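A.B. asks: What follows is the residue order along each chain.
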Amino acid sequence: MSDEARVLPGQGSDHPYLRSALSHCLLMAASFVMLYPILWMLAGSLRPAEDLFGGGASLIPSQVTVNAYPQGWFGLQVNFGHFFLNSLLISSLATLGNVFAASLAAYAFARLKFFGRNFWFALMLGTLMLPYHVTLIPQYVLFLNLGWINTWLPLIVPKYFAVDAFFIFLMVQFFRGIPRELDEAAQMDGCSPWRIYYKIILPLSLPVLATAAIFSFIWTWEDFFGPLIYVSDMNLYTVQLGLRSFVDSSGTSSWNELFAMSVLSLIPIFLIFLFFQRLLIEGIATTGMKR
Amino acid sequence: MSVSERSAAATGTGESAMLARSFRGAVRRNAPGYVFLAPWLIGFLCLTLGPALVSLYLSFTDFDLLQAPNFVGMQNYVRMATADPKFIAAMRVTFLYVILSVPLKLAFALAVAMMLNRGLTGLPIYRAVFYLPSLLGASVAIAVLWRQLFAADGMINSVLAVFGIEGPSWISNPRYSLYTLVVLSVWQFGSPMIIFLAGLRQIPTDMYEAASLDGASSSRQFWKITLPLLSPVIFFNFVIQTIEAFKAFTPAFIVSGGTGGPINSTLFYTLYLYQEAFGNFRMGYASALAWVLVIIIAIFTAFSFLSTRYWVHYDE
Amino acid sequence: MSNFTMDRRRFLGAGLGVASMPLWSSVPGFAADGAQLRMVWWGSEERARRTKEAVKAFEGANAGVTVASESMGWDDYWPRLATQVAGGNAPDFIQMDYRYMFEYARRGTILPLDQYMGSALKIADFGDVNLKSCSVDGKLYGANVGVNAFGTIVDTAAWQDAGVAAPTYGTNWEQYAEKAAAYGKAAKGKKKYASADGSGNENLFEGWLIARGKSLYKDDGSLGYEPSDAAEWFKFWAAMRKSGGCVPADVQALYKNTIETSPLTLGYTASDFGFSNQFVGFQKMNKPALALTAQPVVANGKPGHYLKPSQMFSVYAKSKVPEVTAKLINFLVRDPAGAMILGVERGVPASPAIRDALIPQLDGPSSEVVKFISALTPYVGPLPPAPPQGAGEMNAALIRISQEVAFEASTPEAGGASLITEAKSVLKKG
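Those protein sequences? They're chains A, B and C, same order as listed. Sequential numbering from 2 applies to the first sequence in the numbering used here. Sequential numbering from 194 applies to the second sequence in the numbering used here. Sequential numbering from 572 applies to the third sequence in the numbering used here.
Don't read these hints as lab results, they were simulated from the structure. This one's a predicted model, so the numbers in the text were calculated from it and none came from an experiment. You may find that some hints are simply not true.
To be verified - Mimicking DSSO-like on lysine-lysine, the simulated pairs with C-alpha atoms at most 27 Å apart in a straight line are:
{"id": "1", "chain 1": "C", "residue 1": "K806", "chain 2": "B", "residue 2": "K279"}
{"id": "2", "chain 1": "C", "residue 1": "K761", "chain 2": "C", "residue 2": "K710"}
{"id": "3", "chain 1": "C", "residue 1": "K761", "chain 2": "C", "residue 2": "K855"}
{"id": "4", "chain 1": "C", "residue 1": "K889", "chain 2": "C", "residue 2": "K623"}
{"id": "5", "chain 1": "C", "residue 1": "K995", "chain 2": "B", "residue 2": "K279"}
{"id": "6", "chain 1": "B", "residue 1": "K279", "chain 2": "C", "residue 2": "K827"}
{"id": "7", "chain 1": "C", "residue 1": "K873", "chain 2": "C", "residue 2": "K703"}
{"id": "8", "chain 1": "C", "residue 1": "K942", "chain 2": "C", "residue 2": "K858"}
{"id": "9", "chain 1": "C", "residue 1": "K763", "chain 2": "C", "residue 2": "K710"}
What the hints assert, rightly or not - Listed below are several chain A residues computed to face chain C (Cβ distance under 7 Å; list not exhaustive):
{"id": "10", "residue": "L36"}
{"id": "11", "residue": "I39"}
{"id": "12", "residue": "W41"}
{"id": "13", "residue": "E51"}
{"id": "14", "residue": "F54"}
{"id": "15", "residue": "I138"}
{"id": "16", "residue": "V142"}
{"id": "17", "residue": "L143"}
{"id": "18", "residue": "L229"}
{"id": "19", "residue": "R245"}
{"id": "20", "residue": "D249"}
{"id": "21", "residue": "G252"}
{"id": "22", "residue": "S255"}
Ideal Cβ positions, reconstructed from N, Cα and C, are used throughout, including at glycine.
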């Protein structure tokens, strides 16, 4: 099912072109507003350093230098490609764990009855409320005792235990929107909970699974505090740590290189987004949801 | 054993046998739930609960990060309640931020999601464009960008000048600086928008077809079909965005340079917490601040859940 | 800077190495008889490059010693270091800052270095002043990495265009205000103001207090000035704002204590106040040529300048290899083999021998800094009393209260009074 065919009936009008043109104008203006800061960053990556801060908000550089890109890529002790690979690896592994583990827990909360379910649900939500700066130190000590400091383990392994309650809650809300009759029908046919989960709930939840995958990937990619605390070896740095190496507020920062590499680092996550949003949009309208 | 007892034991109708059976039944009934829950439960008990309890303990100490903590009882909480003007400033700023940014953000997210759901040409591009700002979340570049936009000679004022309005320095004036952070939050509405889109996609089109055949207008369809069926997702976004807004840290940190200024006008609660923990070496007090925040958020969330029976429709 | 070679083989090798390594801990060093030491500092990429090169030289000269280094920006440095200390896991070699040094030393987190003086640390030629400035309660806690002084950074061309003589050594505060007002009237173009609003600048405030015979703090840790001093200070800057000599409140509020947010860099003013070791950074971010000169002085007052360490190198109290760490410190600050590589990037070296050796190789802005320190040294005063616990909060309070006065939410007198009241509660907590 493509994007185009999703025009809902009853929403045509007498002036389709006018309406469409108006929508486009609005959307394009809004897009420019959305993109302006990113365009400014792109311009900043092409300007000489002295022009960056005195020049106001203009988008056109007075002088174009592409120096910032090779300097940013190769200028740090470890080249930036390394950081991209590291981030890709960490984000992919974490996303896999997150989506899978969260869907298991969400299925339990949304579909299964068991003693203490509401109690655990409340606690699960509770984990969303604690600011991470305070659990930081005890968690650090925990991982220190496990010997996981200066590895990626503290960033990846907890995801396989559904530590991000956001995704559990998200999936619970979506699972509860799937009609129970399907479950009941399957149960009467003798299906076990695992089969129902695997054959019915998961396939019907592609939009939310894709959404969770997008968010999980992007948030892991963007996370810097975790890697900051747990990773010391520059060869293990993620993209965010690499970006922050360009900035030292106590002295000089390499702003051009920062902007250049920030622009580059948007590309992979943008591509992930484009890839997964296909799944998101392949709705379930044609997969037998008739009531 | 008596004859009756022996026969009861043999046929499994005695008290102990019935208890054993009901126990086994209970296990069998609850097993699937706990098996599915197991990964989360293990993670929770081993990785989350421990550190959370330690931080609760630390809130009753004078832990300064560099030395071992000493127990001081309720001292931190007393100070918070009686002798901390910055605490009050932080609460006020944070509540204002939540009240302003969450409804605006959700409104934009829903409006744009609905527009994008309608099938325009160039849809995937627009969708990506609206999501792009959310990818810049923790970027240090945001501080620079926002200053370029909202300083006295920034772009916003250049645009306003076209209409003859002379704007103030939005970002460095204590009266307006918080609003620039609200704008920053709303600018990044891409995340809830994507979730709304996924929710809209889950509503079957035949419902709309049937309603059209019955002659329902598109506005009626919105209120009677879209909103109710979307309500679980709206509820989710509402709760999550509010919790995130209460816990917001990075925007205030990078835009105010960690100061929460000017004059505490951008002193988000977690920023204040961070200053106390790492700037003033008062991690014990910061832990107390964190737990007060947890309680506030928990109360709010509990009320939200209680309200669901009035407006959220699950298909159950 | 072309220190890179696009070596595909090396990239692949590194990639494979990375792919196979990350899930296991960083392997502890297998140096035969040598020590393995971890070091950490904050700074820019330039500093990282120089430091790693110097460290490699150290490893070369000390067979068997391996050094694992980490570096990051200032904002990330302190939470990370504190986390590591809380876990008992901090690196052996720690770069320290003047204010934090007191906190870390008094809590026993860094090692007193007196025991290494003369043996591993041969820094006696730094002189009493530069050794005392890195001491807490009489014990030496760090090796002075760079001598720093607080001064005024001036855009000479802008002052020339306005036809007003720029502030220089010996300009007193009244003259400074007059010049600034004259500049404000004569200036066309974007740089409308002569001066930044220094009312919230603790270093400037300190220089003004010392010149009047007061100080920020006394030896016993109490406040070294009166409400009337603070009120007079705020009044001076209120007058400056009114006369158009310095920037208005909402421009100064953009300043976040970084070079990029300085009103000078942002193009509003023809001067700003800063530490000498920021001068090179300032020049990098500003197109016009800048000059470095002294702060305004108090007519017939005491010398308001003093020499501060820009940063120092310290040893973690729980380090297992303190002696080797001390040797590394010495290598970087006193041994020409190391110190010449570091150059003046961290500040003007405290050792006269190293300083003299470096002068020939310096470029324009760097030699300006050395000239400034040398010109200033005969006229500096002694180190003021050490900042007590709570000094950091007082700094934040000064900024906030100065903004309240600037935005006219408070008067100079009220501001002065509330500064003292806040000090009483902050410093008591100790």
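A.B. asks: State for each hint whether it applies.
C.D. replies: Hints versus structure:
{"no.": "1", "hint": "C:K806 with B:K279", "result": "holds (26 Å)"}
{"no.": "2", "hint": "C:K761 with C:K710", "result": "violated (50 Å)"}
{"no.": "3", "hint": "C:K761 with C:K855", "result": "holds (20 Å)"}
{"no.": "4", "hint": "C:K889 with C:K623", "result": "holds (24 Å)"}
{"no.": "5", "hint": "C:K995 with B:K279", "result": "holds (16 Å)"}
{"no.": "6", "hint": "B:K279 with C:K827", "result": "holds (19 Å)"}
{"no.": "7", "hint": "C:K873 with C:K703", "result": "holds (21 Å)"}
{"no.": "8", "hint": "C:K942 with C:K858", "result": "holds (21 Å)"}
{"no.": "9", "hint": "C:K763 with C:K710", "result": "violated (48 Å)"}
{"no.": "10", "hint": "L36", "result": "violated (23 Å)"}
{"no.": "11", "hint": "I39", "result": "violated (19 Å)"}
{"no.": "12", "hint": "W41", "result": "violated (15 Å)"}
{"no.": "13", "hint": "E51", "result": "holds (4 Å)"}
{"no.": "14", "hint": "F54", "result": "holds (5 Å)"}
{"no.": "15", "hint": "I138", "result": "holds (5 Å)"}
{"no.": "16", "hint": "V142", "result": "holds (5 Å)"}
{"no.": "17", "hint": "L143", "result": "violated (10 Å)"}
{"no.": "18", "hint": "L229", "result": "holds (6 Å)"}
{"no.": "19", "hint": "R245", "result": "holds (6 Å)"}
{"no.": "20", "hint": "D249", "result": "holds (4 Å)"}
{"no.": "21", "hint": "G252", "result": "holds (5 Å)"}
{"no.": "22", "hint": "S255", "result": "holds (6 Å)"}
In this structure, the hints that do not hold are numbers 2, 9, 10, 11, 12, 17, in rising order.
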